[in-house]
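Whole structure, please, built from the sequences with the hints as guidance.
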Amino acid sequence: DTEVTQTPKHLVMGMTNKKSLKCEQHMGHRAMYWYKQKAKKPPELMFVYSYEKLSINESVPSRFSPECPNSSLLNLHLHALQPEDSALYLCASSQRGANEQFFGPGTRLTVL
Amino acid sequence: AQSVTQPDIHITVSEGASLELRCNYSYGATPYLFWYVQSPGQGLQLLLKYFSGDTLVQGIKGFEAEFKRSQSSFNLRKPSVHWSDAAEYFCAVGAPGGSYIPTFGRGTSLIVHP
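In order, the protein sequence lines correspond to chains A and B.
Residue 36 in our numbering sits at position 36 of the first sequence; the count goes up by one each step and never skips.
Residue 78 in our numbering sits at position 78 of the second sequence; the count goes up by one each step and never skips.
None of these hints come from the bench; they were simulated from the model.
Each hint should be verified, as a subset may be incorrect.
To be verified - Partial pick of chain B residues on the chain A-facing surface, computed with a CB cut under 7 angstroms:
id, residue
1, F34
2, L46
3, F104
4, R106
5, H113
Said to hold, decoys possible - Each computed DSS-like pair below joins lysine-lysine, with the alpha-carbon atoms no more than 27 angstroms apart:
id, chain 1, residue 1, chain 2, residue 2
6, A, K22, A, K38
7, B, K61, A, K40
8, B, K49, A, K38
9, A, K41, B, K61
10, B, K49, A, K41
11, A, K9, B, K61
12, A, K36, A, K53
13, A, K40, B, K49
14, A, K53, A, K22
15, A, K36, B, K68
As the list claims (entries may be wrong) - Pair by pair, the computed Cβ-Cβ distance ranges are:
id, chain 1, residue 1, chain 2, residue 2, range
16, B, R77, A, H77, 39 to 45 angstroms
17, A, G14, B, S52, 48 to 54 angstroms
18, B, E20, A, N17, 34 to 40 angstroms
19, B, S52, A, T5, 40 to 46 angstroms
20, A, K40, B, L56, 39 to 45 angstroms
21, B, G53, A, P83, 46 to 52 angstroms
The beta carbon of each residue, even a glycine, is placed where N, CA and C say it ideally should be.
Next up, the structure:
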């Protein structure tokens, strides 16, 4: 299985809502990533988990809260988001070390 | 730290014509180099990668890229473009060893005319 899955595909939420994005991979990768991508821009790194531990937080606001329950799952909990947080959220995984990343299809998030 | 430049924001080609997308990188040694493609509303798909060895790399969907150390370039080519190749293309550079956090270029949007 060489696939990264993400749910939901689309999400619309209000600024007072709490929601979660989910990502799953079964490739045995021990590094997992969250990216935010605006239209016609490259992905911006948000968080990196290595061996289920948060290793990088790119100064992301606390309204985004990542979680890695096990080596196959990665969540992104959302609370009190702003309209400017509307974007495509991509999950990726890779082997530990310098290898290519495998990306999921993304969750299109709209904050009203 | 590594960096990558994609000088072309948009490229327009006719279907059946050849294609070259430019990518230049900055890194003190030989980096890891990647090309990804992204169709609208989709995730990124790896087209090809260069780690070491043969400097001409073959990828999926008929794409190839050539690593030129003297020019710090890793340009993507395809001999005959299909309408389905219309997408955003990202070049990325990674530093060998340690944790792998690639740096992405700003992307080149490919438009294909019939």
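Inset, instruction - Of all the hints given earlier, name the ones this structure violates by number, lowest first. - result: 5, 15, 18, 19, 20
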